[in-house]
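Novice: Sequence:
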Amino acid sequence: MLDIKFIRENEEIVRAAIAKRRYDFNLGRLLEADEARRGLLQEVENLRAEQNKGSVSFDEAQLASLRLLKEKLQKKEAELKKTEEEFEELMLQVPNIPDPTVPEGKSEEDNVEIRRWAPTPEGRGPDWNVGRDKIPIFSFKIKDHFTLMQKLGLADTERGAKVSGFRGYFLKNDGALLSFALWRFALDYMLQKGFTPFIAPALVKENIFVKTGKLPQFREDIYATEDGLFLAPSAEVPMMGYHEGEILSEDELPKKYAAFSPCYRREAGSYGKDTKGLYRLHEFMKVEQIVLCKAEHQESVRWHEELTRYSEEMVQALGLPYRVVASCAGDLPFGFVKMYDIEAWIPSEKRYRETHSSSMVHDFQTRRLKIRYKSQDGKIRFAHSLNNTAIATPRILQSLLENHQKEDGSVEIPEALRKYIGKDVIA
RNA sequence: GGAGGCGUGGCUGAGUGGUUGAAAGCGCCGCUCUCGAAAAGCGGUAUGCCGGAAACGGCAUCGGAGGUUCGAAUCCUCCCGCCUCCGCCA
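Under our numbering, residues 1 to 427 are what the first sequence spells out, in order.
Keep in mind the hints are simulated off the structure, nothing from the lab.
All of these numbers come straight from a predicted model, not from anything done at the bench.
Where is the CB? At the ideal position from N, CA and C, for every residue including glycine.
Do not rely on the hints blindly, as some may be mistaken.
[To be verified] Taking lysine-lysine pairs in the PhoX-like style, the calculated list, with each CA pair at most 20 Å apart, reads:
| id | residue 1 | residue 2 |
| --- | --- | --- |
| 1 | Lys53 | Lys70 |
| 2 | Lys53 | Lys72 |
| 3 | Lys82 | Lys53 |
| 4 | Lys256 | Lys374 |
| 5 | Lys141 | Lys406 |
| 6 | Lys172 | Lys151 |
| 7 | Lys406 | Lys151 |
| 8 | Lys141 | Lys350 |
| 9 | Lys423 | Lys406 |
| 10 | Lys172 | Lys276 |
| 11 | Lys20 | Lys106 |
| 12 | Lys423 | Lys205 |
| 13 | Lys162 | Lys294 |
| 14 | Lys205 | Lys256 |
| 15 | Lys379 | Lys255 |
| 16 | Lys193 | Lys294 |
| 17 | Lys273 | Lys350 |
| 18 | Lys70 | Lys81 |
| 19 | Lys370 | Lys143 |
| 20 | Lys294 | Lys134 |
| 21 | Lys151 | Lys141 |
| 22 | Lys370 | Lys5 |
| 23 | Lys276 | Lys151 |
| 24 | Lys294 | Lys255 |
| 25 | Lys193 | Lys276 |
| 26 | Lys256 | Lys370 |
| 27 | Lys193 | Lys255 |
| 28 | Lys294 | Lys370 |
| 29 | Lys72 | Lys82 |
[As the list claims (entries may be wrong)] For each label pair, taking beta carbons as the anchor points, the in silico distance ranges come out as:
| id | residue 1 | residue 2 | range |
| --- | --- | --- | --- |
| 30 | Asp127 | Asp3 | 51 to 59 Å |
| 31 | Glu88 | Ile247 | 22 to 30 Å |
| 32 | Val210 | Asp127 | 51 to 59 Å |
| 33 | Lys106 | His297 | 20 to 28 Å |
| 34 | Lys406 | Ile247 | 54 to 62 Å |
Can you make the complete structure from the sequences, with help from the hints?
Specialist: If you want it as structure tokens, here you go:
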């Protein structure tokens, strides 16, 4: 949610933001509702002031006139309430302002590649090289991750479906161990960057979902339970809820959290997509980076670049070719100011696919969650928030296994993970 | 699952229909004292919205939403949250 004052004073900026996003919203209607609301508010407040002044008297004549005043007030209050409801509803539909650096465009196709990275071929043996376009070249016929996993006994999706339904899976043997290794690797990396480790609940109350902007908008993508709790699609939800309603002090900022949690997504509307393999799942695990920082644009920008860099360094340590893509305005989620996706190279599909998503949110989320801090000058401000994936499993396994496969179907473990899994090769 | 209790400012905690936005204490900030610090003393210290260039003024807020009343932290209804005991339990 944006600040209505900001909208009033910067109508053109908001209008331009809506246009840049190719979003459909009637800003004029909001501004009219705001004006109507403020007019009525003034009337109601004047009536209340009158009432407050008169309410110490006890003689009959005055009581009678106060009764009349009350009636008048109640009518106005009802009118005000109606107007305020309309206003609130419209406010929730105003998207965040994209950063000026966010590329123009209407869909995923217009997202802009910012940079590419690939490991150097040194020490990788003669059957692996990397082209000028940073895309790996294998000298043998590669297998896709799913084939590799089945041959190596790392996953069982048949029994997964039997037990857990569509998109269900079991990870087993080195598939399970590799997942633990990745979580711990990511967590250790984040610890070294000064993040506080968390295990976050996946069962989260409805009001937190509402305040984080997930409900009701994404209702059909979220699992509900019989107890009115919902399953979080990301630790972002419980972690943003963590400080809900609090006033922090400036010197405790930035808050840097690395939160592990299971994640649940119904993936409604993607029924035909990615049905083979472990890319799109209803249940997965993730270590998420969360930052709450001071309400300054430059501070947000700095953290956004920083969080993105952390993920890149982890992907680099895993030896995976990747690119960073800036989401264009048309593809930028409603509440975000800017977003980078990290996409890892998938050799079997000859394309990059999203493994990380790094978002800059400004105070859009914290305003609804009332996460504030008292700054040095005594002012209370809404903190800025950011989030980014540290590691998501099993998704990352797709790129990891495929890029490190050998001709014989074995998979070499990247150096960075060896101490966590205790072996060099999965064979 | 059964029984009961409780939600007041940053915290502890008074307050049961009429200047109560709310006593007191703690904490925090400023000043005095001091070479400095501590202690002590004095003063200040909620948030949101609306209007205003500002000073300032108005309104709201005692878990939330309704209701009763001229008037509600205080009475009524519903909801939410928390806690204790018993039962069950990784």
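Novice: Given the hint that Lys256 pairs with Lys374, does the C-alpha gap stay at or below 20 Å?
Specialist: holds, 18 Å
Novice: Run the distance test for Lys193 versus Lys255: straight-line Cα separation, threshold 20 Å.
Specialist: This hinted pair holds, its Cα atoms lying about 12 Å apart.
Novice: Hey, Lys141 versus Lys406, does the alpha-carbon distance stay inside 20 Å?
Specialist: holds, 10 Å
Novice: Is the hinted pair Lys193 and Lys276 satisfied, with a Cα-Cα distance of at most 20 Å?
Specialist: Violated - the C-alpha atoms of Lys276 and Lys193 are around 36 Å apart, more than 20 Å.
Novice: Is Lys205 close enough to Lys256, meaning Cα to Cα at most 20 Å?
Specialist: violated, 23 Å
Novice: Does the alpha-carbon distance linking Lys70 and Lys81 stay inside the 20 Å limit?
Specialist: holds, 16 Å
Novice: Hinted pair, alpha-carbon criterion (20 Å max): Lys294, Lys134. Please report holds or violated.
Specialist: violated, 37 Å
Novice: If you check the beta carbons of Lys106 and His297, does the distance land in 20 to 28 Å?
Specialist: Since Lys106 and His297 have Cβ atoms about 26 Å apart, the given range 20 to 28 Å holds.
Novice: For the pair supplied as a hint, Lys72 and Lys82, is the alpha-carbon distance within the 20 Å limit?
Specialist: Roughly 16 Å between the alpha carbons, so the hint for Lys72 and Lys82 holds.
Novice: For a C-alpha distance cap of 20 Å, please report whether Lys20 and Lys106 respect it.
Specialist: holds, 8 Å
Novice: Lys151 and Lys141 were given as a pair; does the straight-line alpha-carbon distance stay at or below 20 Å?
Specialist: holds, 15 Å
Novice: Checking one constraint from the list: CA of Lys193 to CA of Lys294, max 20 Å. Satisfied?
Specialist: holds, 18 Å
Consistency with the previously given hints fails for numbers 3, 12, 13, 14, 19, 20, 25, ordered from lowest to highest.
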